[in-house]
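S.K.: Chain B with the ligands: place on chain A using the hints.
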Amino acid sequence: MDWLTEFPELGRRDLRDFRKGIDEGFKSFTREYGENIENFFDPLLQFLIWLERLLLATPWPLFILIVAGLGWLASRNIKIVIGSAISLFLIGYLGMWEDTMSTVSIIIVCTLLCIGIGLPTGILMSRSKRAQSIITPILDVMQTIPSFVYLIPVVMLLGIGKVPGLIAVVIYALPPMIRLTNLGIRLVDREVLEAADAFGASSWQKLTQVQIPLALPNIFAGVNQTIMMSLAMVVIASMIGVTGLGQPVLKAISNQYLAMGLLNGMAIVALAIIFDRISQSYGKRLQNYRGGHDE
Amino acid sequence: MSDMETKIEIKNLYKIFGNDPQSMLEKVRGGVTKDELNDQYNHVLGLSDINLKMPAKGLQVVMGLSGSGKSTLIRHINRLIEPTAGEVWIDGENVLAMNEKSLRHFRRNRASMVFQKFALLPHRTVMENTIYGLEINGMSESKAKKQAAHWIDRVGLTGFEENYPSQLSGGMQQRVGLARALATDADILLMDEAFSALDPLIRTDMQDILLDLQKELHKTIVFITHDLEEALRIGDQIAILRDGQVIQQGSPQQIVLKPKDDYIADFTKDINRGRVIQLKTIMKAPNDQPGPELPGEMLVEDAAQLVTESPSSQARVTNDAGEVVGVVGINDLIRAMARPDIDSRL
Ligand SMILES: Nc1ncnc2c1ncn2[C@@H]1O[C@H](COP(=O)(O)OP(=O)(O)OP(=O)(O)O)[C@@H](O)[C@H]1O
Ligand SMILES: [Mg+2]
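Quick note, the sequences are listed as chains A and B, same order.
Counting along the first sequence from 1, when you hit position 73 you're at 101 in the numbering used here, and nothing is skipped either side.
Counting along the second sequence from 1, when you hit position 75 you're at 70 in the numbering used here, and nothing is skipped either side.
Honestly, the hints are just simulated from the structure, not real lab data.
Heads up, a few of these hints could be off.
[What the hints assert, rightly or not] Which chain A residues face chain B? A few, computed with CB under 10 Å, are given here:
| hint | residue |
| --- | --- |
| 1 | E219 |
| 2 | L242 |
| 3 | Q315 |
| 4 | Y317 |
Ideal Cβ placement from N, Cα and C applies to all residues, glycine included.
Pulled out of the complex, with its shape left as it was, chain A reads as follows (with noise of 0.2 Å):
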């Protein structure tokens, strides 16, 4: 009975061929491609070294007052103006402002990437029965796996550095903005949309008239979420080359300086508070027509 207490292992040797090949195979695939492909992503680089340049040249106080402004617009809440406006300050005379700085660029590239790729294919998703069947398991694949796992290919294929990074971060904050996309698309109330036939209006008019306006509150937390999940991976994403506030965390681990490990954790939390509120802030204000008096 030696089969049912040893498990049918692929023989030891068969194994290692095995892996083998799958590493040679994407070796040889990097070899081929790997610059094509860096080559594909370079305006993304350019754009993001231009982005974290500007920020890091834009005088402090005008920053404070440009995320300050930005904070009243979304939020009509003195309280989240003023909280983010002193935050940023502690953040400056802490000494973390650069750092931070690339961390905002990074974040910002991120969010624009999963926009422009989250909201189309939610789009779709919500669109047809069979791309929602084939998207969802990649989705649930992205979602579940490792970080570090997806880290090894991207960083064989493009090595270290701030691309590779920020590919790392999309993959792991795209996710929620597809869902939601998809998912306040859908739950768009049928009779508007029937009426909306009635009156005879296209398919794009539909998208953009009725189905993405009233799907925008679930749209904007797909952004939040997003904002969120791409802030949480940045000190992961800082062990493949990405400059901002995850460098220090990692420096603060290996040396064991709890002070400053706690100080960027804490601007890191700080950030995310920020663009928390004031996203969601901005998200409920879409919502205002829902409120109303009785009903």
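M.R.: Relative to the frame of chain A, chain B with the ligands by itself:
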């Protein structure tokens, strides 16, 4: 009303819901009933061999209980639902043969719709909702707003242009629905239980608004309801639907006076007949007794009031030219108002 021009003609229309409606069609044509189709074949018979002519500039009511196929029927007129078989002719054109583009053109310009649950765009204001159909049709915003303002005024919502639907009561929301439908200037108005969700008083209000508008607009209105009172009050023509079939059609008077079967008789027995029956229907040959002269279209209930108040015990009935064509005694009026089951016991 056979002298009236037909605007919408529905011919041999069938709708079967389910996986294989085409093969069920033969069975339905062969006499399988709605219940049998449901129990034995797991398909739902929505509509079965509907033939209807709806008069131009008239108000056609389609009445039936829940599940009788009213919504399914009205949605075939602008083809929100595709039929299993049959034709829908409007102005000599088969709606079911239109391609996508001409169907969109038809929906934008020739038929607009009002919905039971309003189906307003919640993220748009009253004004933005009202211009919706115009906007889809590519009209410039300023022109659309001007046009819409007129209809907002006509339904009595001036001053609420910037409100969102959630800030309005049900009756007001449906006024927006009505304004939105009227704004496109389509000459067909489809109303699917448009007033059913409203309180009785507000419902009567809305009926009045509709009748007022109709007096001057002369649209072809298809009005769905499950409420006989409403049907009799506003309909020029009524078609009664049961289990996806038209079981009787005619004027309100014909329905009340000559219900085709017990099902309809049951419906009509609690109706205030005095508000449906006209003098010319019950008048007798003229005599030379005195009495107030009343038009033949006057309702029995109104006439009874006038005759009671006058010193004589009868009314003289006149035609459109004002000539006396008959008389109606006070007893005739009372008998006309009595319920038929009481009538037969006398
Ligand atoms: N999409 C559908 N799939 C299956 N059956 C349907 C569908 N739409 C309607 N039906 C069935 O067709 C029949 C007619 O429905 P319809 O909605 O036209 O009735 P109605 O007269 O408008 O009723 P109500 O007063 O409840 O609105 C019902 O038996 C209903 O269950
Ligand atoms: Mg219905």
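S.K.: What hint numbers does the structure not satisfy?
M.R.: Hint check: nothing fails, all pass.
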